[in-house]
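Okay, here's what each chain looks like letter by letter:
There are 2 protein chains.
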Amino acid sequence: MQTNIGLLGYGTVGEGVARIISLEETLLSQKIGWPLKLSKALVRDLTAPRGFPPPPGLLTTNPFDVVGNPDIQVVVEVMGGIEPARTLILKALEFGQHVVTANKALLATCGKEIFEKAAQTKREVFFEAAVAGAIPVIRTLKEGLAANRIQSVFGILNGTTNYILTSMSQHATSFDTALAEAKSLGYAEADPTMDIEGEDAAHKLVLLTALAYGVLPSLKDIHIEGITKLEPLDFNFAAALGYVIKLLAKAALNPEDGRLEVSLNPAMLPKEHLLSGVTGVMNAVMVRGHASGDIFLSGAGAGMLPTASAVVGDIIEVARLEQTGAQSIRPSLGWHSLKGDAVKPAGDIRSSYYLRFSVEDRPGVLSSLAGAFAKHNISIAQVIQKGVDPLTNTVYLVILTHSAPERDLSHALELAGTLGFFTAKPQLIRVENLN
Amino acid sequence: MQTNIGLLGYGTVGEGVARIISLEETLLSQKIGWPLKLSKALVRDLTAPRGFPPPPGLLTTNPFDVVGNPDIQVVVEVMGGIEPARTLILKALEFGQHVVTANKALLATCGKEIFEKAAQTKREVFFEAAVAGAIPVIRTLKEGLAANRIQSVFGILNGTTNYILTSMSQHATSFDTALAEAKSLGYAEADPTMDIEGEDAAHKLVLLTALAYGVLPSLKDIHIEGITKLEPLDFNFAAALGYVIKLLAKAALNPEDGRLEVSLNPAMLPKEHLLSGVTGVMNAVMVRGHASGDIFLSGAGAGMLPTASAVVGDIIEVARLEQTGAQSIRPSLGWHSLKGDAVKPAGDIRSSYYLRFSVEDRPGVLSSLAGAFAKHNISIAQVIQKGVDPLTNTVYLVILTHSAPERDLSHALELAGTLGFFTAKPQLIRVENLN
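Sequences listed follow chains V and P, in order.
According to the numbering used here, the stretch in the first sequence is residues 2 to 436, in order.
According to the numbering used here, the stretch in the second sequence is residues 2 to 436, in order.
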């Protein structure tokens, strides 16, 4: 008896999976109780050069050598993208195969369909590698913290942007310079849009929200804001105020109105918090459970072997389920009843804000600005004014607000904009005190 | 259909388990797929006052109302101590019941017997709560990182000592003052010996070693050193050198000789490392896998609800296994073949050292000391000498060494001791750079 694996895709992650399964044969077979074998791998081009050469006969261009192959119990989707991944996963489930996938974009957009199919067919869909790479955050939410009502999940879920923000923070570089450096080190792709505009992290946030709350929000219902507008100046002010700027994913149940707040945006975090110490390409997640308190996890969020570590961890779990003779596997934790409608509109979400205004150096500016804020019930917690830039006659005015709904803040900013003394668009960064 | 639970013990943790099972009935039944019910709880005294009053008929003084009761599928041992816990767990496994336990002392000392019995009877013994409370470190080692060869596990595994060390570090208090404060806050027991001498953390370290390496070391084979000898002075020197002092549990496979190094002692860690940011009663574990890289976990290591969070998480997992119809559960990951003889003797373990000498203020002391070190091949990395204490005519001489086997260091210290200029016993703290 053994468990046979079929790969859909043999790119970076596929190669990592093949490496571990081949090189750690004894370790894996001890852990499972019988051997694990890589049977087939779907690729587009049989003759492309591969870093870890596959054994003869492994590669195929026919998806049905993997999907629906009665000798293959577990289909591992590491091809990425929506189609044909979606169709192949649905077919595999129909054929009674279990699925392990690293595809966050697919699960975030088609998760409902896929998990309903898994429930129907009583097969598992495991996806530890889809969020935060090697960090076992999916398992922690599904199992370790299963006894908890989850109060909030905060995460740094994208290594590329965390590298850029760390570099901007530590070396006072501009966004463009930090991005160029990330590209030269292989931490950012040629087209980094999905990373720097926040969509990649938002996909992962959607999955964490589903695990924590049984709600799979649509991307369009979430406030998603990337890091492209941050300036070195803001990192200086953040440091002076005792904060660090991170691209923060947040899913939280508001205890006052019982509604779900989901957002992905740059945020200022207290510099002594563990999340603030997550630097470079590292990822991290902090889960607050009603019984557990704060559980913090961090580690490598990407890369060939860290991602493969998570994929093979899932494969081992599926293989062990087979080995223990589980007859009808019930997909995890109510995924078949995912709701899609419970997320609070961004305008209703309360937060504290850091605002940086570039204003003309003339009397009455602060009082007019404060007046616009007061009119919309935005209470000011702290003001910093920095000396005039002689070239532009510009003064930087930084305001930290108390907590207020975003809608009120937008109105206040609109009103302030009509007063005519801004020399540049105001900068707005949410402040998250994590307490 | 439902899963019935029997508790052995209804103290702090038992009460937490009862609270969660009663108050989160709907949540738990959704996650499992059928209801979870608390059937019986073994206590010594039926009439003692309880913080969370048990329903009528729950409590019993007869262990066999729980163990061997055919209506109870899962026995939850939260009584602590070795006997009768050991006998009751073995009996429960023989009767075909699964076991969830929080008892680190029992598993660290009788784990081999218990896991062999579980293997024979094909029942599960889950013990997430036995190490680091609510932090899912057991699951992470068993499942999340199952694809990895584990290179090292470092941990801060005792909240009492971490509270004391944090207090000594941040407020320059003495050990006795910090301990008294920990007692007054309920973070230390009336008799804190198990905590401050390191035995509690060593029990947890033994379990982590077993999970990571399949080796259950005997406590007597491990270098165990508590925190009672640390002085405020050492915290000052540590800070000046860029270090933080933590009670560090370590299990590591030495890549050069392939042998296992297991130790529990105060250690200086680089102050910017995530482990150094773990303050107060928090616990943390860092696991280094060959594929995953460093995975860091932290959170509450003790307390009623955090511990119960871990216990109920295990109960949910066992109940789900039952619900999915697993016919013959194979205890995890080779536990039935635990080895007990592979740990390297402490004298052979290499480390860097911080040494603080109190010496008379006279010429030639440093050169004689350096000579004693050179004679035993201990290479000095850094020396700090601090001005004379006028009352005692004592000079503090701090030496950081390069890596050396502990045996050589002991010999050097013995030789130095014969030179006759020490005014107090030298202080020795290992330095762990975690790279």
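Mixed in with the good hints there might be a few duds.
[Stated by the list, open to error] A few chain V positions that, by computed beta-carbon distances, are all more than 12 Å from chain P: (1) Q31; (2) D192; (3) A240; (4) D315; (5) L322; (6) R351; (7) R357; (8) A371; (9) Q383.
[Said to hold, decoys possible] Simulated crosslink set (DSBU-like; lysine-lysine; CA at most 30 Å straight-line): (10) K38(V) with K123(P); (11) K123(V) with K426(P); (12) K345(P) with K272(V); (13) K345(V) with K426(V); (14) K272(V) with K184(V); (15) K123(V) with K272(P); (16) K230(P) with K123(P); (17) K426(P) with K221(P); (18) K387(V) with K426(V); (19) K376(P) with K345(P); (20) K230(V) with K345(V); (21) K113(P) with K92(P).
Since the hints were derived computationally from the structure, they do not count as laboratory data.
These numbers were taken from a predicted model, which means no experiment stands behind them.
C-beta atoms are modelled at their ideal positions from N, C-alpha and C, and glycine is treated no differently.
Evaluated hints:
no. : hint                 : result
1   : Q31                  : 5 Å, violated
2   : D192                 : 26 Å, holds
3   : A240                 : 16 Å, holds
4   : D315                 : 9 Å, violated
5   : L322                 : 7 Å, violated
6   : R351                 : 26 Å, holds
7   : R357                 : 28 Å, holds
8   : A371                 : 37 Å, holds
9   : Q383                 : 26 Å, holds
10  : K38(V) with K123(P)  : 25 Å, holds
11  : K123(V) with K426(P) : 67 Å, violated
12  : K345(P) with K272(V) : 40 Å, violated
13  : K345(V) with K426(V) : 27 Å, holds
14  : K272(V) with K184(V) : 27 Å, holds
15  : K123(V) with K272(P) : 49 Å, violated
16  : K230(P) with K123(P) : 46 Å, violated
17  : K426(P) with K221(P) : 25 Å, holds
18  : K387(V) with K426(V) : 17 Å, holds
19  : K376(P) with K345(P) : 25 Å, holds
20  : K230(V) with K345(V) : 25 Å, holds
21  : K113(P) with K92(P)  : 15 Å, holds
Hint compliance for this structure: hints 1, 4, 5, 11, 12, 15 and 16 are broken, all remaining hints hold.
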